[in-house]
Amino acid sequence: MMKWMNQVFKFFGSLKLAVTLIVILGIAFGVGTFIEADHGTHAAQVLVYRTTWMSVLMALLALNLLASALDRIPWKKKHVGFLTTHLGIILMLLGALVTQGFGIEGQLQIREGEQEGRMSLAGPLIQVVSIDSGGRWTFLPEQHVFPWTGRKLLDAGDRTPFRLSMLADYPKAKFQEEIVEGESGSPALHVTLKGSMASSDQWLVLDDASRSSYNLGPAAIRFTAERILPETKKTGSGFGTLRFDFESGTHIEIPLESNSQGRTYPLEGTPFQVEVKQIFKDAVVNQNQLMERSEEWQNPAVQLILKGAEISEQHTVFAQFPDFPTIHGLKPSEAHVRIAYEVPQFAEQTSQNEIRFIAKPKGLPDFQVKSKQGLMEGAVRLGEDVSTGWMDFKFSVDRYLERAKIKTEYMPLPNVSKDEEARSVMQLELETAGSKQAVWLSQGEVAHVSVGGSDYHVIYGLRTVPIGFQVALRDFMMDTDPGTNRPASFKSEVTLQDPSRGIEQDVLIQMNEPLKHKGFKVYQSAYHLEPGKPDISIFTVAKDPGNPLKYAGAIILVSGILMLFYVKPFSTLKTSDPKLRSR
Amino acid sequence: MKKMTFTFLLAGLFLFPSALQAARNETLEAVLSRIPVQDAGRAKPFAAFAREAMIFITGRGQFENRSAAVSLWEWMADPQVWSGEPILPVKHLELRKEFSSDLVRNRIAPNLVLNDLAFAGKVNAARQKDQAKQRLTALERKEIELYQRAQLFSAIASARAPGFIPHPQEPKIAWVPLEAFTSQEGIHILENLFPAAAVRDVQDSLGHLLDRLKGGQAEEAVLAAEGFSGTLKNLLLSRDIALDETAIARELLYLKLKPFHLAWILYLISIFIWLAPQKKKVMSRVGLGFFISGFLIHSFGFVLRMLIAGRPPVTNMYESIIWVSWAAVLFSLILLFFYPSAHLPVIAASVATFALLIGESFPTFLDASISPLVPVLRSNYWLTIHVLTITLGYGAFALNWGIAHVLLYSLAFRKKKELQNSLGEYLYRSLQIGVIFLTAGTILGGVWAADSWGRFWGWDPKETWALIAILAYLAVLHSRTAGWLDMFGVAFWSALCFLTVLMAWYGVNFVLGAGLHSYGFGGGGLPYVAAFIVSDLLLILYFARRFKTKGRHG
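Protein chains in written order, with the working numbering: chain A, 470 to 1052; chain B, 50 to 603.
Rather than coming from a laboratory, the hints here were simulated on the basis of the structure.
Check each hint, because a few of them may be wrong.
Unchecked claim - For lysine-lysine, the following BS3-like pairs were computed, each having C-alpha atoms within a straight-line distance of at most 30 Å:
(1) K191/B x K641/A
(2) K329/B x K178/B
(3) K960/A x K221/B
(4) K643/A x K191/B
(5) K178/B x K643/A
(6) K876/A x K178/B
(7) K863/A x K663/A
(8) K1002/A x K887/A
(9) K663/A x K191/B
(10) K750/A x K841/A
(11) K485/A x K597/B
(12) K547/A x K960/A
(13) K960/A x K985/A
In isolation and in its complexed conformation, chain A is listed as follows:
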């Protein structure tokens, strides 16, 4: 028995085990880095670095180091180097154990002017809130490493009046829309626009507010039932037309003539009337007054008064500058109307490039192209390129559906995808006796679900924990290298608030200079800037109580190696091992 025990001990302390472990660990780590490159950090952690077998290997390594040290009892002076080195490694492994047990890392996202006291962790959190009773249940499923579909019942740890199952879990996915032929629905067509400066392709769906038109640069592409009306020569006088576009949808045009000045016109269908005060052929602003500069049509403008429904507004409308505000001082019109002055010679400036597809009761639609050259029209033929007349743009329609159905789904993306639209999504199913409903949720989203006569909110978020203090972001700053847009440094001015210790102080966090408080390090890790919105600064918050052990281990390890290699009395190593010599 003793002999057997002794053999086991010898095995655990053997060099053979040491070298075997070193080689296995090296290979495993190497595989881990390739998994990380191909499938992302989370995959490498779950599949290699944070597995049970990795912990077993590490424990074996520690055991091996310990046993080989004990094996050499009684220790002599020459063992000092060897023992110190191994003690150093054991301490570092212990430090890693402490980190695994008590270390924590999360993210803190703060908008300028706001504060935050909880950090979000990597794991997903699902909450179901009953709208009727206010009841709230929390589920903490593990996120899958790879896109997963199936059926998994989730457990809230307490009784729930429903069953919540996960049907799909994609760590990264993108929302995709597909237009397919359906049983009923509006006509749709797929148009491709090609040019050297830009190109696009898009489905246009008739009678669909968000899908019936889109803009590409200075041009609009529409699918409607109405044609673009040819620009009729409005009255021969050349005095042009006043156009009123009310937000209610009413459009009224009033042709002007030489004798229009001073006249009042009713605006039919509205409570308003308009008095034309003055028509300018060549308006200039002189001492804050509009004056006529010449008799030539150079800068046509109309001054008018809009009256009725207890308002009286003076507007000045320029033919050449349709986008100018028409009321002095940028006030919006209380009549909710846009007024334009269209004079034939200056019509060019106001016309916009447009491709319009006009639905017909049967068959393929017609098209109209409006450009500076005028209006062109024809019947759509599938796959045929049509020049638009704007730059070198050509369009073609390659598919047409009589009854289009919009199918939406999430498409899983590779874990390492850098697609900006990529997000984590889950499909969840809420089930009560006799009734169930499935919903897709992307991280940060809330869905409303109603099953068995009860209404619920389902929330997919991230786990959060309080950090024990508050961080308020006062200002986020980014410096650039001189003469470039390249960021040189990121800085966040924050206020640290810790009422429990009565602390309120301003701190500057920047690269390599974290905020340190209560064992946490808060460091600048990312940012999100969007014009017109407050800057968001993103910090990573980490606490690693294993560090002191690791530092101590590191110092002991390095001094041990130095002794082994260079201090003969403390070393068991022979520089010129007789076995290694050439004989």
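With the hints as your guide, set chain B onto chain A.
What follows is chain B alone, placed relative to chain A:
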């Protein structure tokens, strides 16, 4: 004896006339080179900008035997003519097909690239894809690159880059390029910043210089260039803008001296002297003289580069190659102190020459330009300690790799027993040095990470591969202690272990392309590195086979 060494040391320096010629008389190149400009986030002499731009645009340090600085000015003087010259290299085969009829010696003229609407459309599509963070094909990357080359050419030829005139009050904003002198508005802007007379002087002298260059009157162009540089200086002086002239001069010296080029030539000479058949003691000392002067020049270049960049130069692949080869030489000198023998320096000189040659042979993906640091590295103290220590470890292993090869050779070809024994000793010593520095450097990286990111170890690929390299060499050390490996085994496995160092050093950035150490990322060179690894493996296996069949010790 000492005197002799010194003489040769000096002789080494005088071998390189280019450094001295410039001092004798003013050439057009010299005058133009000195003018300070702003580019890529810092002020530098025009020569530095010209070199980088030339490499980017043409793929070479100079084109058609003209210095880069003069070429760039000729482009500015005659943009129409030059934009029709085939100067942009097209290396990608599919891309060559696209331009097949326009290529001259596989080069294409910038205006053909810029005016090709179909090509512009493709580049635009590729860029949109890139912005959407989708993966680009090799062809798409090359298309964008070619377009960028053409665009940089056109920016230089039309004087939109670099910046020549700093803003008197706001030193941090982009300097005004010479394009300003071509339009009324530009001159107007300058006249708001500077006295009108000084602006007019620069405008006149610039026009004069461009005329001379256009007319090909090189002699008079020198005077015109001096005139331009003088009026430009006066313009800046008129608003008390003082540029750091010593910094400019220092960088010019660095560019002229080419210290790393010089270093490998000296190393190579020392190798030839040592390997020469006659065994006179004098010659051995002479060899040592060249070796040490190479090392001094190498160190001097390093210090210069550090002063120019304002940081230790170890932040990209090029700089780390320079530093690693320096470290290999340094460790050989330290070992030489304990084991006086010519073998060590010959091996170190070979490793360093090889590394430095690689460093300067691939300017397109081993970028030699000095550029500002990315934010995460702007912590000089830790950067210095962590990165320098790690790369010192790489240097020791590079030396170890060289020694392992020579030892394998001597074992396979039954060289003298004493030689094998002493090589075995060096092998072991260099391995020790490498393990110490790589371990300490990796731990220091952990300390830096813990200090600024709150965690000591995060399984980042770079740190993981450093650990793997340590483990690999530890396995060799332990097997040696256990007696499982004989001298051949230690040499064989040490030589193979260098592959893990290559992976940590190069592979993580260029092959894996993931992780926090991503600032050093850049494409390119993989086929060369793969070819190198394969041929090295074949060589090692050949030695092993010969050793097993015919070898053993002398």
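Next item on the list: Mind listing which of the numbered hints don't hold for this structure, in increasing order?
Entry: Hints 2 and 12 are the ones this structure does not satisfy, whereas the remaining hints hold.
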